[in-house]
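Sequence lines, in order, name chains V and F. Its first residue numbered 1, the first sequence is counted upward by one per residue in our numbering. Its first residue numbered 1, the second sequence is counted upward by one per residue in our numbering.
The reader is advised that the hints may include incorrect statements.
Unchecked claim - A short, non-exhaustive set of chain F residues, derived as facing chain V with CB atoms under 8 Å: (1) 42; (2) 43; (3) 51; (4) 57; (5) 112; (6) 168.
Said to hold, decoys possible - What the simulated footprint calls covered on chain F by chain V, stretch by stretch (three residues with Cβ under 8 Å from a Cβ of chain V suffice, anywhere in the stretch; the number is not a length): (7) 80-91; (8) 185-198.
Everything labelled a hint here was simulated from the structure, so no lab data went into it. Beta carbons: idealized from backbone N, C-alpha and C, even for Gly.
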Amino acid sequence: MPDLRYIRRFSRTERALHWVHASAFLILLASGLVLYLPSLSERVSRRPLIKAVHLWTAVAWIAALALVVLFGDRAGFRRTLRELDRFDADDRRWLRGRPAPQGRFNAGQKLNAAVSAALAVLFAVSGFLLWYGERDTRFRFASTLLVHDGLMYVFLVLLVGHLYLAVIHPNTRHALRGITLGTVEAKWARQHHPKWRE
Amino acid sequence: MAGGISAFAWASPVWRAIRPAAELLPSGVRALIPSGGWRIYTVADSMPRFDPKRWRLRIDGLVARPRELSYDELLALPRTEQVSTFHCVTGWTVENVRWAGVRFRDLLAFVKPMPQAHALRFVSSEVPYEDSLTLAQVQLVDAMLAYEMDGRPLRREHGAPARVVIPEMYGYKNVKWVERIELVPHPLDGFWEKLGYDRDAWVGRSNRA
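Chain F with its partners taken away, still in its complex shape (with noise of 0.2 Å):
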């Protein structure tokens, strides 16, 4: 039973020692397991469906000029690619994720934030899901709203068409299916935060005991 107990010690470097074997499985039995390592989290009844003719993003709040996007003007944006690594809070992480999509500053240039506007708040279709990060926070070098992953339009699960991207904070800074950004003059809790977890993200600094 001690052995037992001490898994949690040793699970984590014997999983890292084991994964690569996994390649060596048929590819059959490997497409059974779960590649990348990424997993589904979502809070509502349903997963937003995304259509391309009908959805919008909205950026609002305190700016000069509210816009909505469509997903062909967003596309139109200038674009930027990046390998980074995703890290879940609950201990997982996926290595090597190619994001594409527009920085921060390329969408923000379009609306005019008004100076006493300091954080985004980022309205999921996935009610009530929604998050904040600051101004700062989103114009890291690698903070993105990305549209593609490894080379393809984002998929449903992972938050189809437009998904928060910050690899340096946890997965649930990075808010799936975005259709509102609302320009406020400091963050606000999300969903997470609201349930007791840390507002400032940071991958192997926060949510600790």
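Chain V extracted, bound-state conformation (with noise of 0.2 Å):
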């Protein structure tokens, strides 16, 4: 007998595509730095190897989300991309600040979601030119260096607004529980978002 406190928010593909970003980030975030600041470049001085565990980890990111993708619920993960990209009158109103109702995503989620996808498809697309670049004289450019690095501060930004939100800001919290478990409270949904319908 299914529990009617709650509702379902997040699917097992949905969770799982959620994870993998997370735990990738921060490893690649972690490695990167070694890279990228002087002083960790000295204090643990093992480039090869850290380059490598940088490489091989956003190798294993594309890998995981292309299994998620492919063996998880495809139907579903489809939906919530429709659900993502629709911007309807009301997210346009709550993105200027006025109260109005919102989906299972509000409009924020939404354009984070749209950022995100777009900056990792980026910092994706950089981050190879500078694997083959190094092999490849004729794929090195100036500015991928630039670009990779000023990707990794947009997404420090990124991130901290989402770790507040997730974990600090009160009316949005709950929504940890949602991408953990699955499931988020009937009643916090009901206030924060009305106009989701399962």
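Given two chains presented individually in distinct reference frames, assemble the corresponding complex, making use of the accompanying hints.
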């Protein structure tokens, strides 16, 4: 008998995608900072190893995403993508700071998803060029490194905001339950996401 | 997405424009951002550690008088200073680096190269890194073997105690942790050249498509 106090917000596929991103990002960030910051480079000093960790984490990240989508709930994933892509009149009002009823994702979450996805692609492309440019000088461009490093700063800001909303902010931190266990309180959902219909 | 990819075109000017803005940040925050823009590139599993008592610079090969210099003997040679810009082939640049060290002509006067010597092979303590420059290249006015950077003895991550500085060429020709200079008949492929990089790494004129 399902517990009526809770409703399902994220499927296993969605949660798997989230945690693949989260864990890969943290490993990439840590190893990337060792490669990037002189004081850390000196302290760790095993650049070839850290470089390999960074590179293979990126490969594992992309492979894991592909596997989750391939073997997960693909139809559900497509529905979620359409949901994220659609900004209606309420979303536009919400983004202008006015109260407006929100669906399963609020407009800020939709925006964050779109920006993160675009930047992640750019991260992967610039990362590939850094790796390949070392092997074929025709693919080395002066800006590749700046793009890659700049993305790191942008993502760091997004991550801080994301963690604040997920862990600290009283109105939104209940969402952490949704991305870990899958379900959220029905009461919370009605209050913060009134337009969300299962 | 197209806007994202175009970042490859606008990233450099934007970065140059916002870098001065970093000066406005509180110093605690600024300390986290790499100042000057140095990145430390190494190829081995450990970074050489400098021991002033045991360190020697060997100069040998096609020379009349092979020599081993201690750190103190190196510092006792005619000292020269310069301010120059350091360019890495991967796209970052550090401006106004203050170097102090020895000109190669003063170093070579010591060992008397033979007439058939036309290049210098720099061997790093960071095995297997090495690279070479021609005699003409090391006699450029701003080429030196540096032992000080920005007013301090060269730091470990910058190649302590001595590194090649040749601002006209990309960083991979500026060998760090130099422990041996061998005079050879002609230049040899260094670490990156064996992987396809240009042997003459002139800034702005090499390693292009």
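Hint status (Cβ of residue 168 (chain F) to nearest Cβ of chain V, threshold 8 Å): For residue 168 (chain F), the interface hint is violated, since the closest Cβ of chain V sits about 17 Å away, which is over 8 Å.
Per-stretch coverage check for the region 80-91 of chain F, three Cβ contacts closer than 8 Å to chain V: This one holds; 3 residues, not fewer than the three required, reach chain V with a Cβ under 8 Å.
Hint check, residue 57 (chain F) versus chain V [nearest Cβ-Cβ separation less than 8 Å]: For residue 57 (chain F), the interface hint is violated, since the closest Cβ of chain V sits about 22 Å away, which is over 8 Å.
Proposed interface contact between residue 112 (chain F) and chain V, which counts if any beta carbon pair is under 8 Å: At about 37 Å, which exceeds the 8 Å cut-off, the nearest Cβ of chain V leaves the hint on residue 112 (chain F) violated.
Chain V contact restraint for residue 42 (chain F) - C-beta distance below 8 Å: holds, 4 Å
Status of the residue 43 (chain F) interface restraint (C-beta, 8 Å, chain V): For residue 43 (chain F), the interface hint holds, since the closest Cβ of chain V sits about 7 Å away, which is under 8 Å.
Hint validity - residue 51 (chain F) Cβ closer than 8 Å to any chain V Cβ: violated, 16 Å
Verdict on chain V covering the region 185-198 of chain F, criterion of 3 CB contacts below 8 Å: Check passed, 4 qualifying residues.
When each numbered hint is compared with the structure, violations occur for hints 3, 4, 5, 6.
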